[in-house]
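Participant: These protein sequences, in sequence, are chains A and B.
First residue of the first sequence? That's 1 in full-length UniProt numbering, and the numbers climb one at a time after it.
First residue of the second sequence? That's 1 in full-length UniProt numbering, and the numbers climb one at a time after it.
You may find that some hints are simply not true.
All copies of an identical chain are treated as equivalent in the list; a pair is satisfied when it fits inside any one copy or across any two copies.
With a straight-line Cα cutoff of 20 angstroms, these simulated EDC-like cross-link-like pairs (lysine to aspartate or glutamate) come out [as the list claims (entries may be wrong)]: (1) Lys21 to Glu181; (2) Lys82 to Glu364; (3) Lys142 to Glu364; (4) Lys389 to Glu400; (5) Lys142 to Asp354; (6) Lys299 to Asp363; (7) Lys336 to Glu237; (8) Lys56 to Glu215; (9) Lys284 to Glu101; (10) Lys415 to Asp190; (11) Lys20 to Glu101.
Quick caveat, the hints were computed from the structure, so don't treat them as lab data.
Keep in mind it's a predicted model, so treat the numbers as computed, not measured.
Listed below, chain by chain, are the residues.
2 protein chains.
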Amino acid sequence: MFSATVSAPTNIACVKYWGKKSVALNTPINSSVSVTLDQNDLKAVTTVCVSKSFKKDRLWLNGTEEDVTKSKRFMACISGVKRLATTKVSTEGEVLVDKSEWKHFGVHVSSMNTFPTAAGLASSAAGYAALVAGLAEVFGAKETYPGELSTIARQGSGSACRSLYGGFVAWRMGKDHDTGEDSLAQQVCDENHWPELRALILVVSDEKKDTSSTEGMSTSVNTSKLLGYRASTVVDERMRSIEKAYTERDFETFGKITMQDSNQFHATCLDTYPPIFYMNDVSKSVIKIVHAYNRWKGKVAAAYTFDAGPNAVIYHLEDVADELLALMLQYFPDDKFLGSLFGSSFVNNPQAWDRAKAFGLDDELLRMCDAKGRARGMGGDVKKIYITKSGPGPIVLSKEEALLDPETGLNCYVKGVAGDGGGVALGLFGLGLIGFGFVVLGGAGLVLGGGRGGKK
Amino acid sequence: MFSATVSAPTNIACVKYWGKKSVALNTPINSSVSVTLDQNDLKAVTTVCVSKSFKKDRLWLNGTEEDVTKSKRFMACISGVKRLATTKVSTEGEVLVDKSEWKHFGVHVSSMNTFPTAAGLASSAAGYAALVAGLAEVFGAKETYPGELSTIARQGSGSACRSLYGGFVAWRMGKDHDTGEDSLAQQVCDENHWPELRALILVVSDEKKDTSSTEGMSTSVNTSKLLGYRASTVVDERMRSIEKAYTERDFETFGKITMQDSNQFHATCLDTYPPIFYMNDVSKSVIKIVHAYNRWKGKVAAAYTFDAGPNAVIYHLEDVADELLALMLQYFPDDKFLGSLFGSSFVNNPQAWDRAKAFGLDDELLRMCDAKGRARGMGGDVKKIYITKSGPGPIVLSKEEALLDPETGLNCYVKGVAGDGGGVALGLFGLGLIGFGFVVLGGAGLVLGGGRGGKK
């Protein structure tokens, strides 16, 4: 039995991927580019364990076993990495497994993420990147050309290919539509290129989205005339401009394209029939406040982007970090009542929170933001704030971090109990409020702590 | 002194107008088509009074005088209709005013509408159509070609040109970009062509929108790549298909294009930089419930459309009217508390309301709608419901309906007092709720009754 545990980052696109060229190959109708986020703040952790004694391939996701025998995507990742496997040799030079033997090994996988699943924070990107990186580590996989592993991760979840690299990463759509071999990720700049770049994430909802990305893309490709135009005519120029901007650390251009492309992606969702909505009124308030902030600044100092969910990611530079967080806390504070009940882990960085709370915001700025219609001091709409930055690709972790038992190869990860308890309590609280005619919070699945959880 | 009082209808487009080809001529970047609504339910009323003794042109809007000396649009309508004026002759054949004399006459105008102003219910369309129709009546204007008066109304407010005709009315964008002479309205079918067609209007907000149509269009034309593509490539085919569908009373095609085009218009607003939002979460719930209803019906039985505001107009046929209203009242009921305070005028047709309340909705339908995430029985988000249908163009009213004093030519209309009082009370109520951390209602400008008001 051999095993490896890796962590992998999530990534948030600045030029968005929306629409498949080939469903079978999971290739896109346009190229895209994203910032890989720091795994100290958000990550997926995956342990892969392989053994000849495993009768079938198994997966535990956040501690619960899923039936993967039906999952073509999961199986495509296993078979894809197995094809690149090399002979395993001990430090003494002894052959432990000949590469021809790997096909007889069963695969167990346990994966968890430290942030909400399927709520538009690219949990599947981080998850599939960690899966492929973990498999590659166990099998000693060697690429035959740069980016080959990313073509495998792409088959798991499109945007997962970008999470195999740190920094600013492009997914080139490719030209070989028969094999998808050249539809791969390419690092534009590494994670040390722009150390001042920051991302502020406002988790507006941690509930699962009601239209999955795959289903939404398919409907959009079939019904939105605007999406086809975007993919064929708008995106290439944006890719060139934003890669240049990132390379030159030109935040104004980087930020403007990021906002425009987020809005255009959501516009194509709205042009879909029936229309798809991922942003809500809270998301819209974030957008309006960011534009008010930029107008007050006299430049693009903050740039929002929204994936397939209502959560905002706001890119900015370090020099405005305290001011921007202070501003967001004015309009999207933590819920004092719930905070006192469950303990506050509202912001992932307590020092930044303290600095922001002490920050003196300009009166004119507040007046301009107030005019956008969002009331100050109204808590509960934003569930959690992450402050993060760009980070590296997948990292191999120590055996102590393993989520599969080293003796049995069975799952040993249990989802955090504090978070689950909070969800139940909020569910009851939400129902209570319905009696007054207001629904403030969704009842199910709310994870306040986002804690790592423990092991059995 | 001569005077005339007319009423004019509003219209709600099925293929939307968004974007000006020429700001000076007020011509559009694409053709559009709309249903003219029944003036028994929503209308603008305008009295025009002309006299050589009037020193300057004056306008009272909903009882309050506005300075029109700066308004190019208002002045363009007056000078445009004056150019088509004819000699006024008494019933006895006596010349009262030679047409060459009209240029020495000052114009007084008083105008009111029976529905919220500038909230995306085409109040300016009805208002400018009434102005041009009133001026044409006073001056005995004669068109030199069909639709010429509509080219004048167009200069007041683009969509006003369509309100000069009843039924289903196209605005042809025209080819003469130097004069705009052929950018005019044309009746596709009259108001008796499709007597079963109904419109259910849900007034989600009666506050003034924060981005005016003119300003929004200008930003969209300058920044949205999708808007240019829509105008040049998508709209013409939609115009042909929907005119054919209306002519053949094919609701499925009519309804599908109506929904698609509403969504595409709002998509181009979202693609604008900075983005423009007219729909809110209540609008989105309406959309989701309409699609659930259609899926349950197994056909397009209801078709929403949204102008530049959050209010929904749902076209449907008479045979589903009770069911559709009953369904909407499940998810968007009147606010019981406010209703009891201010008296209920929630639905403009009490008989239809009674029928809908007695209607037994299917359990499976309700289950499908519940799954869309909107809670049942939550009042207050919809302020007022209008049930209406297609109607005729402008109508000349009797002298008893005049809004200008026949002796002095000065305004004698006062805006309804009941509505204003309600607004103040709601303002206080809204502030009270802020103390609990919830803002349910905007404080200002809420008109519950929409009453006609009285005269001084």
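Participant: Does each hint hold? Answer for all of them.
Facilitator: Now for the hints, and whether the structure bears them out:
{"no.": "1", "hint": "Lys21 to Glu181", "in the structure": "within (14 angstroms within a copy, 46 angstroms between copies)"}
{"no.": "2", "hint": "Lys82 to Glu364", "in the structure": "neither (60 angstroms within a copy, 48 angstroms between copies)"}
{"no.": "3", "hint": "Lys142 to Glu364", "in the structure": "neither (57 angstroms within a copy, 55 angstroms between copies)"}
{"no.": "4", "hint": "Lys389 to Glu400", "in the structure": "neither (26 angstroms within a copy, 71 angstroms between copies)"}
{"no.": "5", "hint": "Lys142 to Asp354", "in the structure": "neither (47 angstroms within a copy, 73 angstroms between copies)"}
{"no.": "6", "hint": "Lys299 to Asp363", "in the structure": "within (18 angstroms within a copy, 54 angstroms between copies)"}
{"no.": "7", "hint": "Lys336 to Glu237", "in the structure": "neither (46 angstroms within a copy, 54 angstroms between copies)"}
{"no.": "8", "hint": "Lys56 to Glu215", "in the structure": "neither (29 angstroms within a copy, 62 angstroms between copies)"}
{"no.": "9", "hint": "Lys284 to Glu101", "in the structure": "neither (55 angstroms within a copy, 55 angstroms between copies)"}
{"no.": "10", "hint": "Lys415 to Asp190", "in the structure": "neither (33 angstroms within a copy, 65 angstroms between copies)"}
{"no.": "11", "hint": "Lys20 to Glu101", "in the structure": "neither (35 angstroms within a copy, 69 angstroms between copies)"}
When each numbered hint is compared with the structure, violations occur for hints 2, 3, 4, 5, 7, 8, 9, 10, 11.
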